[in-house]
Each structure stands twice: as C-alpha cells, then as structure tokens.
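Construct the entire structure; sequences and hints are all you get.
In case you want the letters, here they are:
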Amino acid sequence: MNKKEPLVRVMKRETIAGWKSWLFRAASIALALIVIAVFVFAIIGISPLNVYTLMWEGAFGNSIYFNDTLFFTAKLLCIAVALAPAFKMRFWNIGAEGQVLAGALATSLIMVYCSSLPAPLLYILMFVSAIVLSAIWGLIPAIFKAKWNVNETLFTLMMNYVAIQIVNYFYNKWRGAASALGKLNKGTKAGYLPTIFGSKEALMLLVVGVLTILMYLYLNKTKQGYEIAVVGESVNTAKYAGMDVKKVVVRTMLISGAVCGVCGFMTVAGQDHSISSASAGGYGFTSIIVAWLAKFNTMVMVLIALFVVFLEKGTNHITDAFAGFDDSASKIVIGIMLFFVIGCEFFINYKLSFFRFRKGEK
Amino acid sequence: MGQKEAIQMKNITKRFGSTIANHNVDFEVREGEILSLLGENGSGKTTLMNMLSGIYYPDEGEIFVKGQKVLIRSPHDAFELGIGMIHQHFKLVDVFTAAENVVLGLKHKKTRKEINDSIETICKKYGFDINPNQKVYDMSVAQKQTLEIIKVLYRGADFLILDEPTAVLTPQETDKLFAVLNNMRKDGKSMIIITHKLHEVLSISDRVTILRRGEFIGTVPTTEATEQSLTEMMVGKKVELNIERPEPENSKERLIIEHLSYINEEGVKVLDDINFTAKSGEILGIAGISGCGQKELLESIAGLLHPEHGSSITYINPDKEDHISLLHMNPRRIRQMGVSMSFVPEDRLGMGLVGSMGMIGNMLLQNYAESNSFLKMKKQAKIKAVKVKDKLDVVTPGINTPVRKLSGGNVQKVLVGRELGSNPTVLMTAYAVRGLDIHTSHTIYHLLNKQKKKGTAVIFVGEDLDVLMALSDRIMVMCGGRMNGILDARTTTKEEVGLRMTKIQEDGGADHE
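Residue numbers (the working numbering), protein chains in the order written: chain A, 7 to 368; chain B, 104 to 616.
If you're looking for bench data, these hints aren't it; they were derived computationally from the structure.
Hints may be right or wrong, so weigh each one.
Per the computed footprint, the stretches of chain A lying under chain B, defined by three or more beta-carbons under 8 Å from a beta-carbon of chain B, are [claimed, not checked]:
(1) 156-162
(2) 217-229
(3) 241-248
List time: in silico DMTMM-like cross-link candidates among lysine to aspartate or glutamate, alpha-carbon distance up to 25 Å [as the list claims (entries may be wrong)]:
(4) B/Lys553 with B/Asp493
(5) A/Lys18 with B/Asp180
(6) B/Lys556 with B/Glu424
(7) B/Lys228 with B/Glu183
(8) A/Lys151 with B/Glu368
(9) B/Lys508 with B/Asp496
(10) B/Lys553 with B/Asp569
(11) A/Lys18 with B/Glu318
(12) A/Lys227 with B/Glu473
(13) A/Lys151 with B/Glu369
(14) B/Lys247 with B/Glu217
(15) B/Lys556 with B/Asp422
(16) B/Lys553 with B/Asp450
(17) B/Lys481 with B/Asp493
(18) A/Lys252 with B/Glu369
(19) A/Lys26 with B/Glu411
(20) B/Lys289 with B/Glu327
(21) A/Lys18 with B/Glu165
(22) A/Lys18 with B/Asp162
(23) B/Lys508 with A/Glu351
(24) B/Lys481 with A/Glu351
(25) A/Lys252 with B/Asp376
(26) B/Lys553 with B/Asp567
(27) B/Lys238 with B/Glu223
(28) B/Lys341 with B/Glu303
(29) A/Lys252 with B/Glu368
(30) A/Lys229 with B/Glu473
(31) A/Lys153 with B/Glu411
(32) A/Lys94 with B/Asp450
(33) A/Lys94 with B/Glu327
Here a beta-carbon is modelled for each residue, glycine too, at the ideal position from N, C-alpha and C.
In structure tokens:
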C-alpha cells in the first residue's frame, strides 16, 4: 500500500489542568498581540511598542479616557449580564440592542414629558418605565416562542429595527429644525442622575456591579436559575421534571429585557442625557461575544468586557492619531484578537498529534 | 477449521485522553466465519471495530487484511478493502428509495434498471427480501437493516461488522437475519457481530472473542463455550445469571388504565383503546416492536402527553385506597396530589437526566420544587447523590462530574437510583437495560425485583423477550398502538408473544389470564 500515515491527527482531550488552559489562553493573547503589531506596522508603519503605548493611552491615559473606559465597560457588562439568563436557557436573544433602546426611549419620554415632577418621583418613574418597556421588548418574542415556537433569533433581531425606528421618530421630533438633538432638558437638567463621589460614572459602576453579583447568585443558587439551566439543556427533561417550560421562557426573558432596561436608563439619565438610535452603540451585539466567551458566567464577564472595551478605546485612539488607520482597521484589530481568543478554545479541547514526532520519541 | 485469516489486528492500542479504550488488543477473523465480539459496556468493542471501519485511527498497532499490512484512514479506505459496518443507528435517507440509498455516494454510471438488477441478484443469492423502489420511510426496522446490509454488499464488502443487529428485531426477524448470515458465511464472507445476547452468540457464531476493560481476554470456539463460561470471561468473576421471579404477594390494583387513546402531533393515532391494570407486588411486562406506542403509553401516564377525551388513568393511593384521576395533569401536579409514581424514560440523557450537571444537580430534578425557599436546596440532593453512588456502585470521578461523561451503565444507575429513592408506589421503566452489559442488566433486574417485593407496581417495557418472560408476571403485548393480549408470563411461549407483536389477533383486547 502506498498510503502514508496521517500527518496530523486531532484528539479530544479528556481533561486539562486549570493552569494549563489559562496558559493556553495567555499564549493566544500574546500571539494575537504580535499579529496585531505586525498588522498595524504594515499599514501605518509605527513600531509595535508604540502601538501598545497608544492603545494604553487611549484606554487609561488620562482621567477622561479612564472614566470613559470604565463607563463603557460597565455598559457592555450590563448588557452581557442581561443576556446571561436567556443564553443559559438557549434562548438566543440577539435583541439586546433593541431592548436597551426601548429602555433609553422610555427614560427619555418621561424626562421630556414629565420634567415638572419632583426629582425623586421623576427618577422612579423614569427607572420603572425603562424597565417595563425593555421587559416588554423581551417579552414579545418570548411569548411567541412559548406559544407558537416562533424562532426567537429572527424575532429578537427584528425587534431591534422596530426600536431603532421608533427612537428615530422621537429623535427627529424633538430635534425640530436643529441639526442634532443635543441634550434633553438642557435648561432644567430635570432627570439627570446625580453624581456620587464626584463622578458621573460611579453610580453606573455601582449599579452594574450589584447586578452582576445578583445575576450570578440568581443563576447559580436559586431554583429559578436551576430551571433555566435545565430548560437550556433539554426541554424534554424540564417537562419530565414537571417544569412549566413556557413560564420559564417568559419569566427569563422578562428578566433579560429588564436588565437591558437598566442599561438604557443609566445611559440616558446618567451619561448621555440624550438619545439617538446609537444610544446602545452596537453593544447589544458585542455583548453576545462577551457572554459567550465568559460561558455565561457573569463574574468572568467583568474581565472580558474590560478587555473588549480596552481594545476598542485603544484602537480608536490610534485612529485619532493616524490618518491611515481608520475605523475599519480598528475593527480588524479587534477581530484578530477575538479570532485568537476563541480559536484557542480548540486547543484547550483538542490536541494535535504529529505522527513523525511521535515516532521520533520512541 | 483450516480457514485463512481474513483480518488481523495486532497490538492495537487506542487512548482517549487518559483513558485507554483498547490496550494491546490482538484480534483476528477468518474467512467464511461468524465471529462474535463480546464484552461489557466500555470494554472497547465498538472502539476496536471503529478502527477497522476507518472512523478512528489506532495509536499503536498494525492491521493486516488478507496478509497485507494496511492503513485505514477513513471509512472510504475501509470500503476499498472490503470492510463494511452496519451501525446500530441506521444511516439511511428516509425520502429515498432502497435503490437510491444503495448507490448513494457511488460514482459509477448505471441505469436504474441495472442497479435494481444487481440488487435483485444480491437478494437472491443470500435470501434477502426487499423492493428496490420502496421508500425508506415506508420500511420496518427489519427492512431498514436488510437495506443496510445490501448497501454494504453492493459495494463489494467481504467483511461485515454488525453492531448489535438483533437489538431492534422480533424473534422471527432475528431468525430470518441469522438465515441470511448463514448464507453469507457459506459464500465465504466474514462477519463480526457485536452483541450482548449470549444465547444468540452461541447459536450463530463460530468463535467468540472477549474483551474486558479494553484488554483482549481470549478467543474461544463456540462449541466449547456456555453462557456461564462466556459471562465469567467477560466480567472476570462468577456471576449469577438467573433472573428470579418471586410470586406476587398481596396484589392490589394500583393503576387502572381504561380506553386510553392518544393522537400525536402528526395526527397519527399512536395509542388506540388501551386497557390494563398494574398491581402492587407485580411486574407487568410490556412487549412490542419498538415504536408501537410503548413510549407514548408511559408518557401519557406520567403526564407528559395529553390523551384523547374518554381515556381514563386512575391511581389508587395505597394509604387510603382512594382513587385519583391522572388524566391531563402535568408531572408536578401529579406529585402535588400525593401520587408516588416514578418513571425511568427511554431517553436517559434527553429526558431523565441533565447531561451537563453532576449527580447532585440530577438528584435535585425530582423534587427541587417541593421546598418553599427561593434558593435551591443542595444539601439533601447531595446526601441523596452519595447514597445512590454507594448503593448502586456508580463509577464516577465525583458526584459533581457531568453525568454525560459517565458510561451508559452508570448513567442508567444514576437515573434508576434517583427514581427508586422515592419509594414509588408505581414504577414505570422504558427499556431499562438497553445498551447495558449483562452485569449491569442483572443489577437492574435485581433492583426491580426488590421493588416488587416491597409492594411496588412495576411496569417494565422491554425488548428482549427472554428477559421479559423471565422477569414479568404478566406480559401485555402491543402491536401498532393497540394492545394485543395480556399473557401469563409463566405459561406463555416466546413464539406466542412474537406472533402477537407482529399481528393483531382476533381476540386482540381480551385478557388471557
């Protein structure tokens, strides 16, 4: 027979030591950093060291950048936390963008039309209406899924566009003849969340931090969290155990939507004091990657969200400094990084065996 | 027997991570013989055969076909060498005809007629019976299996590997299959049969090769083997092979099923007017070709399906002897009404257990909802998990290891252990020993008998008629969603049961006690 033995074979690993898997992950990040450096050097010709110095500056260089990074990390984390229960249930909610916008819209509506209310009441009304509208945005696809088994992926995606168009409507209405909307309630500042510890971002960090911990406990320690895990694994098993699967689906999406509502509320009332179809800023989609990379563990999401925002802010800074490095280039950089980080999971789960090497060993 | 070696495997080793699936296994099959490959679950039979059929590649060792050293890197390589495998789960395209399935993937240019003719030639030669133009979705399980064999023969296979071929067949169909295998043997083909059924091993094969925990134990001529000797080689120690059948004591009605009918989502009437009672201290066997409504019957009783109006499912509480209707209740409602009923479903990881969770998480499944707390109560579940692990000798790295990673037998032990733990009044099991080795199977039979002695009403849906007849007190036979008689297991014959599985009798619903 003239056939040769296969050169490389893929074998599944049974187990891998914890430190070893982290070593793999660290190595993949290092490798990605090298490739990114080469890529950036190739298009704008700055040295790798400068690349990372610039990125570091962009993310943490001064207090403005630093606060920005913290805020956006919290925002991304908040949406990822919102997705965690839905994804754990294998309900592919890719409508976080729309759910956040719904919350942002509700907050803005109350800010604009109820601005004369006393402050505490106004805050409460803004907060509650944001949560309710976002929860409704999550609830509609959930009901269709539970009742008629309508595909939730398409449905939640479509709901994004509905939200974007409604927000555009109000944006144009409030903008009037001006070229852009600017801040809402510019004169009265009604509905603007107070700063705590002298920082606009602190409240956001606090709220998201608490949500992250609560969600972790909810998913891991409560009966409802257990039900979510069982439904996600097998609907038949859930039914066998006597769970009301429809109820679990609806309840979980209410929670997922509501947490998105918190994000929308905090964004409008705490940070932007304005609204546009970009209020969610695409984080409704980026958060999907964060949630997946963290394997739906909300604690791990903290690190990953920070990392993704660091990349984003860092490459934006390069874009600002060099004309040849545009927005697409910064997206490529993030893409390279994610490619390596996700690709590394393959090497954690499988190992390659090279036939020649093995023969040499003997 | 002066036959030549057809296939030889020498010093084969295959590892999966740290587990050694095959360790220095020597294996040979001769021309024109039927060789049985015997071993407990996880002994490496299927792994070994997968290396022969090109699905896995050995880490160490050599394979010879007709004296030539060969490398089998893919199923395609295996086919070129004339090795074909008939898997347990058929790999056929439902909407294609038999002939279309046979030529699927082949690159020759033949007309439909030529193909049909060659199929017919094969059928005549070996005694198959198949219509080349019949669609696969119209075929019975036995016909599908026949088609799989023809498919392999059409491609010119000289060596056939059959993975548990009789698991899904009635006794009559098994006889037919064995007749065909005999014809093929006469034609000089070599066949390897992976099976758990010892009496079949003894009746059909020439030699038996035994594996235990990935190691080659030995090959013996069938003429020198007995069920007892083979089991001892397989298990490595003496095993009691008799299934005991204690007399039912103090039998009382526990579950009364009347006029139970169910129409599934496709509008097919899969259960048609079923009537029976299950009694305490008794094992009621349910026989039938798989897919004749057994699954739907148990799921209807368990509250997972909603039977037609006019059906009646009544549970009789042993404490107060009061009657409770279970119709149109979900499993949780049933439990809340104080009904003590356990159900070991056919699909262990897809329905009975949560594969990604450990034993603790799976113990929780049964009564996590009972406490009033918002938090889940892990403590009791942990105690239960440890108890099941110790009592049933579950082999697992830890009670938190995902049960999906356990072997089939241990998965079933976790499930059965949990369901028996609640001391049920009614216990329903569906194919409780499917895919389990003889040792584990007997553990399960023993557990069922223990329940029976405790006064549980046991319903045992099975496929192996020998077991059904040895274990049950009464056997209800199902055929196409209808009940085809309830027989006394102590006096009936295998032929009678087999016949009723395939053909509705005049006295279809009548009780034969």
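Status of the hints after comparison with the structure:
Given a C-beta distance limit of less than 8 Å, the hint that chain B covers the segment 156-162 of chain A is violated, as 0 residues qualify and 3 are needed. Under a criterion of three residues with beta carbons nearer than 8 Å to beta carbons of chain B, the stated coverage of the segment 217-229 of chain A is upheld, 3 such residues being counted. Given a C-beta distance limit of less than 8 Å, the hint that chain B covers the segment 241-248 of chain A holds, as 6 residues qualify and 3 suffice. The hinted pair formed by B/Lys553 and B/Asp493 meets the criterion: a straight-line CA distance of about 17 Å does not exceed 25 Å.
For the hint pairing A/Lys18 with B/Asp180, the CA-to-CA distance comes to about 23 Å; that is within 25 Å, so the pair holds. Taking the CA atoms of B/Lys556 and B/Glu424, the gap is about 19 Å. The hint holds against a cut of 25 Å. Simply put, B/Lys228 and B/Glu183 have alpha-carbon atoms about 22 Å apart, close enough for the 25 Å limit, and the pair holds. Distance check on the hinted pair: A/Lys151 and B/Glu368 sit about 18 Å apart at the alpha-carbon level, within 25 Å; holds.
For the hint pairing B/Lys508 with B/Asp496, the CA-to-CA distance comes to about 16 Å; that is within 25 Å, so the pair holds. Simply put, B/Lys553 and B/Asp569 have alpha-carbon atoms about 20 Å apart, close enough for the 25 Å limit, and the pair holds. This hinted pair checks out: A/Lys18 and B/Glu318 have alpha carbons roughly 22 Å apart, not beyond 25 Å. Taken as a hint, the A/Lys227 and B/Glu473 pair is honoured in the structure, with Cα atoms around 16 Å apart against an allowance of 25 Å.
Under the criterion of a C-alpha separation no larger than 25 Å, the hint pairing A/Lys151 with B/Glu369 is consistent with the structure, at around 20 Å. Between B/Lys247 and B/Glu217, the direct Cα distance comes to roughly 22 Å. Compliance with the 25 Å bound is thereby established for this hinted pair. Taking the CA atoms of B/Lys556 and B/Asp422, the gap is near 18 Å; set against the 25 Å cutoff, the hint holds. This hinted pair checks out: B/Lys553 and B/Asp450 have alpha carbons roughly 24 Å apart, not beyond 25 Å.
A hinted pair counts as satisfied when its Cα atoms are at most 25 Å apart, and B/Lys481 with B/Asp493 qualifies at roughly 18 Å. The hinted pair formed by A/Lys252 and B/Glu369 meets the criterion: a straight-line CA distance of about 22 Å does not exceed 25 Å. Only pairs whose Cα atoms come within 25 Å are accepted, and A/Lys26 paired with B/Glu411 is rejected, the gap being roughly 57 Å. Between the alpha carbons of B/Lys289 and B/Glu327 the distance comes to roughly 22 Å, so the proposed pair stays at or under 25 Å and holds.
Restraint check: the Cα-Cα separation between A/Lys18 and B/Glu165 comes to about 22 Å, which is no more than 25 Å; the hinted pair holds. A threshold of 25 Å between alpha carbons decides the hint, and for A/Lys18 with B/Asp162 the separation of about 13 Å falls inside it, so the pair holds. Among the hinted pairs, B/Lys508 with A/Glu351 is consistent with the structure: their alpha-carbon atoms are about 19 Å apart, no more than 25 Å. For the hint pairing B/Lys481 with A/Glu351, the CA-to-CA distance comes to about 31 Å; that exceeds 25 Å, so the pair is violated.
Distance hint between A/Lys252 and B/Asp376 is unfulfilled; the C-alpha atoms sit about 31 Å from each other, more than 25 Å. Our distance criterion of 25 Å between C-alpha atoms is met by B/Lys553 and B/Asp567, whose separation comes to about 20 Å. For the hint pairing B/Lys238 with B/Glu223, the CA-to-CA distance comes to about 16 Å; that is within 25 Å, so the pair holds. Distance restraint check for B/Lys341 and B/Glu303: the Cα-Cα separation of roughly 21 Å lies within the 25 Å cut-off, and the hinted pair is therefore satisfied.
Simply put, A/Lys252 and B/Glu368 have alpha-carbon atoms about 18 Å apart, close enough for the 25 Å limit, and the pair holds. In summary, the hint linking A/Lys229 to B/Glu473 is supported, as the alpha carbons are separated by about 10 Å, within the 25 Å threshold. As the CA atoms of A/Lys153 and B/Glu411 are separated by approximately 21 Å, the hinted pair is consistent with the 25 Å bound. Proposed proximity of A/Lys94 and B/Asp450 is supported: the alpha carbons are some 22 Å apart, at most 25 Å.
Taken as a hint, the A/Lys94 and B/Glu327 pair is broken in the structure, with Cα atoms around 56 Å apart against an allowance of 25 Å.
Hints 1, 19, 24, 25, 33 from the earlier list are contradicted by this structure; the remaining hints agree with it.
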